[in-house]
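These protein sequence lines map, in sequence, to chains A and B.
Per numbering that gives the first Met the number 0, the very first residue in the first sequence carries number 0; after that it's consecutive.
Per numbering that gives the first Met the number 0, the very first residue in the second sequence carries number 0; after that it's consecutive.
Errors might be hidden in some of the hints.
[What the hints assert, rightly or not] Reference listing, derived: stretches of chain A covered by chain B, where coverage requires no fewer than 3 residues with Cβ under 8 Å from a Cβ of chain B:
hint: 1; stretch: 5–16
hint: 2; stretch: 99–110
hint: 3; stretch: 194–202
[Unchecked claim] Computed spacing ranges between beta-carbons, pair by pair:
hint: 4; chain 1: B; residue 1: Gly336; chain 2: A; residue 2: Asp70; range: 52 to 62 Å
hint: 5; chain 1: B; residue 1: Leu173; chain 2: A; residue 2: Asp70; range: 45 to 55 Å
hint: 6; chain 1: A; residue 1: Asp129; chain 2: B; residue 2: Phe480; range: 22 to 32 Å
[Claimed, not checked] One-sided and incomplete, this derived list gives chain A residues near chain B with beta-carbon spacing under 7 Å:
hint: 7; residue: Ala95
hint: 8; residue: Asp124
hint: 9; residue: Thr127
hint: 10; residue: Ala128
hint: 11; residue: Ser170
These are computed hints drawn from the structure, not numbers from a lab.
Bear in mind the structure is a predicted one, so any value in this text is a computation, not a measurement.
Ideal placement from N, C-alpha and C gives every residue a C-beta, glycine not left out.
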Amino acid sequence: MNVDAAPLLVADSIVKRFSGITALSDVSLQVGAGETVGLIGPNGAGKTTLFNCLLGILRPDGGRVVLDGTDLTNWPIHRRSRAGFGRTFQRIELFAGMTVVEHLLVAARARRGNAHLWKDVVGLDRPTADDREDAARTLELLGLTDVAERPIEALSLGRGRLVEVGRALMSEPKLLLLDEPSSGLDRSETAELTETLEVVNRERGTAILLVEHDVEMVQRFASRLYVLDFGTLIAEGPTRTVMSDPSVRRAYLGESNVSDSGVGEAV
Amino acid sequence: MSDLISYVIRGIPFGCVFALVAVGLVLTYRTSGVFNLAFGAQAFVSAAVYYDTRVRHEWPIVAAFLLAVVVVGPLVGFVLDRFIFRYMRSASELSRLVAALGLLVAIPQMVQLWFGQSPSFGVVGIWPSSQGSDFAVYHWGQYALNGDQVATLIATLIVGVGLTAMFRYSSIGLRMRAVVESPRMAELNGINADRIGTFAWMLSSLIAGLSGVLLAPLFAQVNANNFTILIVAALAAAAFGKLSSIPLTLFGGIALGILGGILAGYLPTNSVIAQGLRPSLPFVVLFILLIFSPALRRARETKDPLAGVDPPPAGLAAVERSRGLTWSTRIFGVVVGLAAISFVMNDKYWLLLAIQALVLAVIFLSFTVITGMAGQISLCQATFAAIGAFATAQFAHAQGTPVMLAIVIGAFAAALIGAVLAIPVLRLGGIYLALATFAFALMFESIFVPLGWVGGGASPVRVARPVIGPVDFAGDRAFFFLCLAVLIIMSFLVILVRSGATGRFLDALRGSETAAQAIGINPTRARIVAFALSAFIAGLGGGLYASMAGSAQPADYAYFYSLFFVVLVVTLGSRTVEGAINAAIGFVIIQEILKRLGLSASWEPIFFGLGAITYAKNPEGILEAQKRRSNAFVQRQFDRFKRGAPEPAPAQPSSP
Numbered sequence: 000m001n002v003d004a005a006p007l008l009v010a011d012s013i014v015k016r017f018s019g020i021t022a023l024s025d026v027s028l029q030v031g032a033g034e035t036v037g038l039i040g041p042n043g044a045g046k047t048t049l050f051n052c053l054l055g056i057l058r059p060d061g062g063r064v065v066l067d068g069t070d071l072t073n074w075p076i077h078r079r080s081r082a083g084f085g086r087t088f089q090r091i092e093l094f095a096g097m098t099v100v101e102h103l104l105v106a107a108r109a110r111r112g113n114a115h116l117w118k119d120v121v122g123l124d125r126p127t128a129d130d131r132e133d134a135a136r137t138l139e140l141l142g143l144t145d146v147a148e149r150p151i152e153a154l155s156l157g158r159g160r161l162v163e164v165g166r167a168l169m170s171e172p173k174l175l176l177l178d179e180p181s182s183g184l185d186r187s188e189t190a191e192l193t194e195t196l197e198v199v200n201r202e203r204g205t206a207i208l209l210v211e212h213d214v215e216m217v218q219r220f221a222s223r224l225y226v227l228d229f230g231t232l233i234a235e236g237p238t239r240t241v242m243s244d245p246s247v248r249r250a251y252l253g254e255s256n257v258s259d260s261g262v263g264e265a266v
Numbered sequence: 000m001s002d003l004i005s006y007v008i009r010g011i012p013f014g015c016v017f018a019l020v021a022v023g024l025v026l027t028y029r030t031s032g033v034f035n036l037a038f039g040a041q042a043f044v045s046a047a048v049y050y051d052t053r054v055r056h057e058w059p060i061v062a063a064f065l066l067a068v069v070v071v072g073p074l075v076g077f078v079l080d081r082f083i084f085r086y087m088r089s090a091s092e093l094s095r096l097v098a099a100l101g102l103l104v105a106i107p108q109m110v111q112l113w114f115g116q117s118p119s120f121g122v123v124g125i126w127p128s129s130q131g132s133d134f135a136v137y138h139w140g141q142y143a144l145n146g147d148q149v150a151t152l153i154a155t156l157i158v159g160v161g162l163t164a165m166f167r168y169s170s171i172g173l174r175m176r177a178v179v180e181s182p183r184m185a186e187l188n189g190i191n192a193d194r195i196g197t198f199a200w201m202l203s204s205l206i207a208g209l210s211g212v213l214l215a216p217l218f219a220q221v222n223a224n225n226f227t228i229l230i231v232a233a234l235a236a237a238a239f240g241k242l243s244s245i246p247l248t249l250f251g252g253i254a255l256g257i258l259g260g261i262l263a264g265y266l267p268t269n270s271v272i273a274q275g276l277r278p279s280l281p282f283v284v285l286f287i288l289l290i291f292s293p294a295l296r297r298a299r300e301t302k303d304p305l306a307g308v309d310p311p312p313a314g315l316a317a318v319e320r321s322r323g324l325t326w327s328t329r330i331f332g333v334v335v336g337l338a339a340i341s342f343v344m345n346d347k348y349w350l351l352l353a354i355q356a357l358v359l360a361v362i363f364l365s366f367t368v369i370t371g372m373a374g375q376i377s378l379c380q381a382t383f384a385a386i387g388a389f390a391t392a393q394f395a396h397a398q399g400t401p402v403m404l405a406i407v408i409g410a411f412a413a414a415l416i417g418a419v420l421a422i423p424v425l426r427l428g429g430i431y432l433a434l435a436t437f438a439f440a441l442m443f444e445s446i447f448v449p450l451g452w453v454g455g456g457a458s459p460v461r462v463a464r465p466v467i468g469p470v471d472f473a474g475d476r477a478f479f480f481l482c483l484a485v486l487i488i489m490s491f492l493v494i495l496v497r498s499g500a501t502g503r504f505l506d507a508l509r510g511s512e513t514a515a516q517a518i519g520i521n522p523t524r525a526r527i528v529a530f531a532l533s534a535f536i537a538g539l540g541g542g543l544y545a546s547m548a549g550s551a552q553p554a555d556y557a558y559f560y561s562l563f564f565v566v567l568v569v570t571l572g573s574r575t576v577e578g579a580i581n582a583a584i585g586f587v588i589i590q591e592i593l594k595r596l597g598l599s600a601s602w603e604p605i606f607f608g609l610g611a612i613t614y615a616k617n618p619e620g621i622l623e624a625q626k627r628r629s630n631a632f633v634q635r636q637f638d639r640f641k642r643g644a645p646e647p648a649p650a651q652p653s654s655p
C-alpha cells in the first residue's frame, strides 16, 4: 500500500540470517503516524526476529530501519528508545523492588538522557513535579491510580502488563511496539487491555505495532495487517482484506477452514 | 631446541594439575550451576591431610592417599552439597557465587587452624621412590621425568577419558546434563536432582583432592597461596573450554602449564616485571581470555526457567517504617554515636580501633555502590584501596604534595583505573565480571605492587597524617574527627547518588536490564559510573588507611582482603550505608573479641565466610533482615506509645 506522507516507521528489506538459516528475507514494513498495525504469523515465522531487528536487540544482515526520517539501523537499544520507540515484553519485564509509580518516574527521567553524577551529588536530579503529574495522568489513563504506591510484586500479570505500557508511554514514544501483549492473560483481561490500548492510541496519537497470536484481538484492534510466514511477507493490507485472503488462512489458520469465531488462539 | 623441549616437559605436569582442577570445576558447574571458587581450597584440604599423615605421621603411601583423596575429598564435597549448595539450586547465580566465595575465604583458614600456618617443606608425592634416591627418575633420551610427574600424567589421562566417556555414553551423564538445564524441570521428569547433584559434588571433590595431592610436590611445599594460583589457572582453563567442553578444558590447562614452563625458561630473571609475570601468568591469561573471548561475552547467565517461582526478596526495612519511628531511630543513633565518641576520646586503645573502623567503613561504602546499587560483585576493591594508598604515598612522599590533597588525588587515580577497567570487564555479566576483577586484583598484586614507583619496592613508602590549613591532624583525636568527617561526607554522597538519577537507573538495571534499555537507559554508561564511583570511594579509604597506619604497606591491601571484605559486607548488608558502617564496626569488634579470648584471628574470616552463605536467603544482609523482622514489633510498640494515633494501614500486597 502507498502512504502519501512519509510514514513514521520504515523497515526496508530487512534480512536476518542465523548461521545459514534465513530467518527474514527482504521483509519491508511501514507504520504511519498514529496508525495501529498488526504483525501476525504462525510460530517460527520470524515475528520476534523482526521485532528484535526493529528494536536493535539483533542487528539485521541487510536492510534499513528508519524512524521519522532518521536511519537508526546501527543504533543501540537505548538510543532507539530515546528516538521514539517504546515497547512491552512477551514475558513481563518489570523492575523488582520498585513501586508502580517509580517505574513511570524512572522512565520519565530516562527519556531526558544520561544521568550526571554531579547533578545527583548536588541533589538537582530528583523527580520533578511535572514528572509526577505526568505519571499521575498516565496511571489514570491506565486505571492504575489505586496501586500507584504498591510494590510491583503485588500486582497481577494483567496489571503488570499495564505498568509496562505505562512505563513505555512515559518516554513519549512515537511508536509503541507490543510483543504478544495478550500472552498469559485470560479473555476478559485481554479485552480490557485492548480497550486501554485503543484509548491510548486515540488520546495520545501513539502509533502501535502489535505482534500477536490472539487473532481476535488483532482483528479488533489493528487497522492494517502484515502476515509473515517462513521469514517472508505473504500478505499485507487492511485487516478485513487480509483476514479473508485464502493464502493467509492456509498459512496461519491451518489447512482446514476455520470459522471466524473459533480462531481466537490462547497462547 | 632441546632447551625448549625440556621447558615444555617441565610445564606439562603443572598443566595436568591445572587441567584436573579445571575439569572438576566444569563438572560441578555443569551439574549444580555453582562456580566453585573454593575448589582450590578443597585441593588444599586434601594436600594438607596427605602431608600430615604421610610426612608427619609416616603413614604408608596407599593409606595416606586413600584417606586424603578417596575419603576426605568426596567427604568435603558431600558436606558442601548436603548442607549448602543443595538448597541453592534455583538461587540466582550471584548468590551461588557469593556462597562459593565465602567458602574460598573460610576453608583455607579452617585448615590452617589445624594444619598450622608455617610452610611445610619436604613434601613427598604419591609415586614410590626408588632405592637410594628421593625421587624415581625416568630418562627418555636426554629428557627426564620424575615419578610425581609421571603420576600426574597418568591421573590426568584417566580422569579425562573417564569423564568424557561418562558424559557421552552413560545414563548418569545424561541425567547430569538434564539437571544442569533446570533442576526443577528434571525433577518433574522423575530425576532425583538431589542425588545427581551429590554424586557430581563428590566426584568433582575427589578430583580436587587428587589434584591437591599431585600439586604439592610440584611446588615443594603445602601452602594455601599456591592453591589460589591453582584455582585461577583452572578458571583460565575452564574459560578456554567455555565452561562446557571437557577435552577443550583439559587442553587449555595443559597449554597453560606448558606456557608457564616456557616463560620460566626464557624470561630474564633480573627484571622485576619478568619476575612478577611468571607466577601471575594464569591471572594474565584468565583476564585476557575473559575480556577477548567472544563466546564468553555472548554467554548470558544461565538461569533456571523455573527459578522465578520463588517469591522476590522483601523491601528494605527503612521503606516500611513510619516517619516517626525513623526519626526516633535516627535520634537514638546519634545519641549512641555521641556516647561512643566520648568513650573513645578517653581511651587511647579504643580510639585507634575506632579510627580503623571509620576508615574501613569508608572502604566498605564502595561495596554499597558496586554491590548494593549496581548489583555486581567486584573482587578488587582492596586493589582500588591499594591504588589510592600507593598514589597517596608516592605523591606525598616524592612530590611533596599535601597529604589530604594526595589522598584525593589517589582516589581520583583509583576512579580512573576503575573506569578504564570497567569498560572491557562490564561487557561480561555477573560471574565473569567477578572473575575478571579477581584476576585483575591478583595481577596488580604480583606485577605492579613489587615495582618501586608503585609499592615502594623493598620498604613501604611512609605517609604522614594530613595537615589542612592551620589544623594538624597528626594526633589520633584530631585524625578521628577527620575520618568521621570523610565518612559522613561519603555517606551523604552515596545516599544522594542513590536517590538521584544514577541510583534509580541502576535500580532499574538491577531489576531488568532489557527493560531498562528499552526505556532509554544506557547500561554500560551507568555501570561504568558506578564502578568508577566505587573505586573512588575505595581509593579514598585506602589513602586514609595509609595515613592512619603511617605507611602504605602492601600487606594491608592483599587480594585476600578483597575477598574477605566482599563476604563481610555482603553478610552484614551491602544495600545500605548503615550496612557498610555495621560491617566496619563488626570487623573491628570481632577482631578484638577474638584477641581478648585468645583465639586465632582466622576465626573471623571463617565466621564471615560461612556467613556469606546466608546471602541467598537474605540478599540485603542478615542485619537488615533482622531489622525488618524486629521492625514490625518496634513499630507496634511505638504506635502504642503514641497512644490514640490511628494504626497506619499496613501495605498488604493484594494477591493476583
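Okay, the hints, checked on the actual structure:
{"no.": "1", "hint": "5–16", "result": "violated (count 0)"}
{"no.": "2", "hint": "99–110", "result": "holds (count 7)"}
{"no.": "3", "hint": "194–202", "result": "violated (count 0)"}
{"no.": "4", "hint": "B:Gly336 to A:Asp70: 52 to 62 Å", "result": "holds, 59 Å"}
{"no.": "5", "hint": "B:Leu173 to A:Asp70: 45 to 55 Å", "result": "holds, 49 Å"}
{"no.": "6", "hint": "A:Asp129 to B:Phe480: 22 to 32 Å", "result": "violated, 43 Å"}
{"no.": "7", "hint": "Ala95", "result": "holds, 5 Å"}
{"no.": "8", "hint": "Asp124", "result": "holds, 4 Å"}
{"no.": "9", "hint": "Thr127", "result": "violated, 11 Å"}
{"no.": "10", "hint": "Ala128", "result": "violated, 16 Å"}
{"no.": "11", "hint": "Ser170", "result": "holds, 5 Å"}
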